[in-house]
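4 protein chains.
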Amino acid sequence: MAQSAFHGVFPYLVSPIDAAGAVKEDVLSRLCDDLINAGVHGLTPLGSTGEFAYLSWPQRRRIVEVVIAAARGRVPVVAGVAATTIADAVAQAREFEGLGCQGILAILEAYFPLTDDGVFQYFKAIADAVALPVVLYTNPNFQRVDLSLPVIERLSHVANIGYIKDASNNTGRLLSIINQVGVRMKVFAASAHIPATVMLIGGVGWMAGPACVAPRQSVELYDLCRRGDWNKAMERQRPLWALNQDFAKYNLAACIKGALELQGYAVGAPLPPQAPLSAEGIEDVKRTLLAIGAL
Amino acid sequence: MAQSAFHGVFPYLVSPIDAAGAVKEDVLSRLCDDLINAGVHGLTPLGSTGEFAYLSWPQRRRIVEVVIAAARGRVPVVAGVAATTIADAVAQAREFEGLGCQGILAILEAYFPLTDDGVFQYFKAIADAVALPVVLYTNPNFQRVDLSLPVIERLSHVANIGYIKDASNNTGRLLSIINQVGVRMKVFAASAHIPATVMLIGGVGWMAGPACVAPRQSVELYDLCRRGDWNKAMERQRPLWALNQDFAKYNLAACIKGALELQGYAVGAPLPPQAPLSAEGIEDVKRTLLAIGAL
Amino acid sequence: MAQSAFHGVFPYLVSPIDAAGAVKEDVLSRLCDDLINAGVHGLTPLGSTGEFAYLSWPQRRRIVEVVIAAARGRVPVVAGVAATTIADAVAQAREFEGLGCQGILAILEAYFPLTDDGVFQYFKAIADAVALPVVLYTNPNFQRVDLSLPVIERLSHVANIGYIKDASNNTGRLLSIINQVGVRMKVFAASAHIPATVMLIGGVGWMAGPACVAPRQSVELYDLCRRGDWNKAMERQRPLWALNQDFAKYNLAACIKGALELQGYAVGAPLPPQAPLSAEGIEDVKRTLLAIGAL
Amino acid sequence: MAQSAFHGVFPYLVSPIDAAGAVKEDVLSRLCDDLINAGVHGLTPLGSTGEFAYLSWPQRRRIVEVVIAAARGRVPVVAGVAATTIADAVAQAREFEGLGCQGILAILEAYFPLTDDGVFQYFKAIADAVALPVVLYTNPNFQRVDLSLPVIERLSHVANIGYIKDASNNTGRLLSIINQVGVRMKVFAASAHIPATVMLIGGVGWMAGPACVAPRQSVELYDLCRRGDWNKAMERQRPLWALNQDFAKYNLAACIKGALELQGYAVGAPLPPQAPLSAEGIEDVKRTLLAIGAL
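Chains A, B, C and D, in that order, are what the protein sequence lines are.
Just so you know, the first sequence maps onto residues -6 to 288 in our numbering.
Just so you know, the second sequence maps onto residues -6 to 288 in our numbering.
Just so you know, the third sequence maps onto residues -6 to 288 in our numbering.
Just so you know, the fourth sequence maps onto residues -6 to 288 in our numbering.
Hints listed in this document are in silico derivations from the structure and should not be mistaken for laboratory results.
Mixed in with the good hints there might be a few duds.
Since the list gives no way to pick one copy over another, a pair counts as held whenever it fits inside one copy or between any two copies.
[As the list claims (entries may be wrong)] Cut-off 20 Å, straight-line C-alpha distance, at most; resulting in silico cross-link-like pairs (EDC-like, lysine to aspartate or glutamate):
(1) Lys17 / Asp222
(2) Lys225 / Glu273
(3) Lys242 / Asp110
(4) Lys117 / Glu146
(5) Lys242 / Glu146
(6) Lys242 / Glu254
(7) Lys242 / Asp27
(8) Lys242 / Asp139
Chain A on its own, in the form it takes in the complex (with noise of 0.2 Å):
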């Protein structure tokens, strides 16, 4: 594996889990190898497409424990931590690191406000807790707290802090980012920025769930937008970003499961009680699929 820094596209892994609770290795498997072998730069186990707020433990540490091994040190596996508490979040940083991961991404889940300062400790920990490179995720649609300028300052300060990874929409905050730290912490974008746009004003990837199922078009986009060849990007950019609005649309995981199962791979429905991809859902995807050469 190359000891650079992270970069590039890095899926959002879906978690694929049997009728008995059991992670549906083979498929999973299969999947990495494939994204690996089209080109990615990295995998991410347990991100929102994962469904990490929908699985126990045992499961979580399977599948980063099937990633690893699928991955064979090809590429970083940078395994999503999520939970309400520093302990919590603390124990499962450690097991990750442990099982031979190279990232962590530090997901805050509340139930209750937070104040800055409380965000600050929680990710402080984490970071104190293992060695690995840290990627903070701020998603401000599906969490209760967000990552204001200030504490993600604060944050760029601690050693092993190196990246961020913003779920929000607005692409203009991550501007607001690169200009205020970009020095110390390097961004990533997520399934609702258009990716070349956020290559344009200096991110060094994305980290989404569409790339599980459009890698080569996802890299060949990225290597465009590496080459600064920006117009040649927008034209390929443009077709893709209909699976980002699909994305947007559908349940993120019911969406990238039904993708998925378009293309053969077994990774059956999101758990209940989410719904499965509908009808006509599954007409948008097959659509898209189509249409960027990725069915």
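Since the structure of chain A is provided, determine the placement of chains B, C and D on it from the hints.
Only chains B, C and D this time, still in chain A's reference frame:
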């Protein structure tokens, strides 16, 4: 224990946890005993005030065991089940039933939005899994899904779903629920409603954190409401409301834990990264407790 | 007209406007007359139901003139002043005072957020501009600014600000206001509160659209509350609540205009692009009016 | 004036009003003249920054007259029409057309929620009332209604609706619009988007307050984008973004009026009860202007 239906004052118990993560059983037992001696009609572990969202399953399980043991059958124990998946909720409910509680408070957590049908399936599955009466819990402030009136109507036809506890601050919504399903489902107020007004419109009691620190005063208020002595009830209600205002102003768990510490219960602070009650909050709460004769 | 303080049932009048933009004076006058004969305690032109936000200044002015003329001093007329600037609000208030109304309902419109001090200055300026009693109006649903408790406290010390009408659905907030400033400022409910509960906690009446179409029933409810006959009050309140539910479900002006059309008042539809009450809405409202004996 | 389509930098003009409520014509004229000399491609009076929501109709009318006179046909003037009713909007648009402006910026104000059809009818009526090109304005932050993608699609088929200006901060939404209706409707950015990224995805320019105080820098950025020199464009964009950050942090009108005062334009403060730019805001803005060479 009375065989009659749930009614009256059910304090939402705090969850005292020591630095090592163990339940402080003595403190919790003494609190339960004192509350029962003060006349409360039931006990509710693992509500919002009980920090269910911050506890591991072993911690939750132990808390319910301790409360059931402390209650010694004198009042019903209605334990909070909270999950994102149906499978997890059903497992929790069955285990609590096995421990010997008298009812289930059913809480739905969600990361992604759900359809009305998904919400229905979640609560239906809990009710089907146990023989106990089930109390629906709805809280639009801290949860990502709310129970719509049509879903409440559907759920009211499930045999053992007999109660709903609404934690919005919209008292009119309670009257809408009572008008529509009042023959099948009884209504408990939460701390954001004025208990006396909910009793006036047909409620049967309240499940709320503040009753932990003012149990005697709460029971007196309840008795006045039951006797239809509304003017005297309002005399009692008026100063008691300050406690609910404090409760809304500060983190719920921090507020009640802070108040109990003032009363001599070593319940500690809420779990990090939640902050303990601030110095200003302690002053506010102390003033309120003194004013209502609870300190 | 009674010299006593404002209290009781103040219907929020609709604003009947013909296709050419002229006030339908006959319809409005007859409605006012009928409402007074049914026993209402005051009239409020240019509230939310009165579509103040959709009317030109000449239309607003004419409506107040017509209502004052129709009232013939039998009940107080409290006219709605609504503006984004202090200058406009002051001009409106002075002109309404000159026309002979008995009170001002002060409404703050905002496009950009305001500081608490800006909010205070706005209402203070209206009060200073007239010798009439002023009713503060606060509506967090449709306005971009809300009156915080500290601002309400400050405003309660302005001599002729004697009332507040709260259009949130948070009844607990009303008790907080009453507890804090009840000696200086009286509280009116709006349609989203259950009138009987607001009377129980110390309110002095309600200003609301539904009273336009159920004036007799509203006055009976008010009288029962005033006599402290709370159980009988709730018997009346229960079926009347359906009207408030319809009111919340549909556009306020469309709902009341639709209901008045059913009762034989040719008030027309709300101003375009607002839609008239839908066929489904007409059925809902008809059912409700029949059930409460208002059709 | 070029007969070609609208494109480039259109500063949102402030509205300088003296203490007596009169338009400060000299100041406004000089500002327009300077902006045109700095190379801007058009002028937009009565946008959000222009405090349309705080001005009387005579004030609005006079401002448009003054701007048209100052422009002397050198650049197109696109005047803001803002109303709650169709009748008012149509009257405003016709009068502005009569005054000689080159386009209409159509803004929908709402107090009650509207159906998609009501939104469509409003904008359609404005377009039908004039022969001028119409720019749709959508701002989910300060308005109560938003233009959904289906409504935008319907409106894109109205012949003289040729542009949309989106004031959300969701840049991805712009690409969705461009992908769906880009052949019929061109997209302008607002201040919450990064202009360079909107140009990259196919936008034709921006209409925004900050261009009032950095016209030369804005035009340079635009020219670099038009030439496809994206890397150099981003070099310029990066420091300019600080101005948009200030603009978002403070009241829009206060920020731009405060900045213009620093540059020697006696435009005064926003209309009360809006507050002038705070001392802290003045320092922030001064620092930004110095950094970009605009002071």
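Hint-by-hint comparison with the structure:
1. Lys17 / Asp222: Result: close neither inside a copy nor across copies, 40 Å intra and 48 Å inter.
2. Lys225 / Glu273: neither (32 Å within a copy, 44 Å between copies)
3. Lys242 / Asp110: between (34 Å within a copy, 18 Å between copies)
4. Lys117 / Glu146: This pair counts as within: shortest intra-copy Cα distance 12 Å, inter-copy 41 Å.
5. Lys242 / Glu146: The answer is between: 17 Å across copies meets 20 Å, while 33 Å in one copy does not.
6. Lys242 / Glu254: within (18 Å within a copy, 41 Å between copies)
7. Lys242 / Asp27: neither (26 Å within a copy, 46 Å between copies)
8. Lys242 / Asp139: between (22 Å within a copy, 17 Å between copies)
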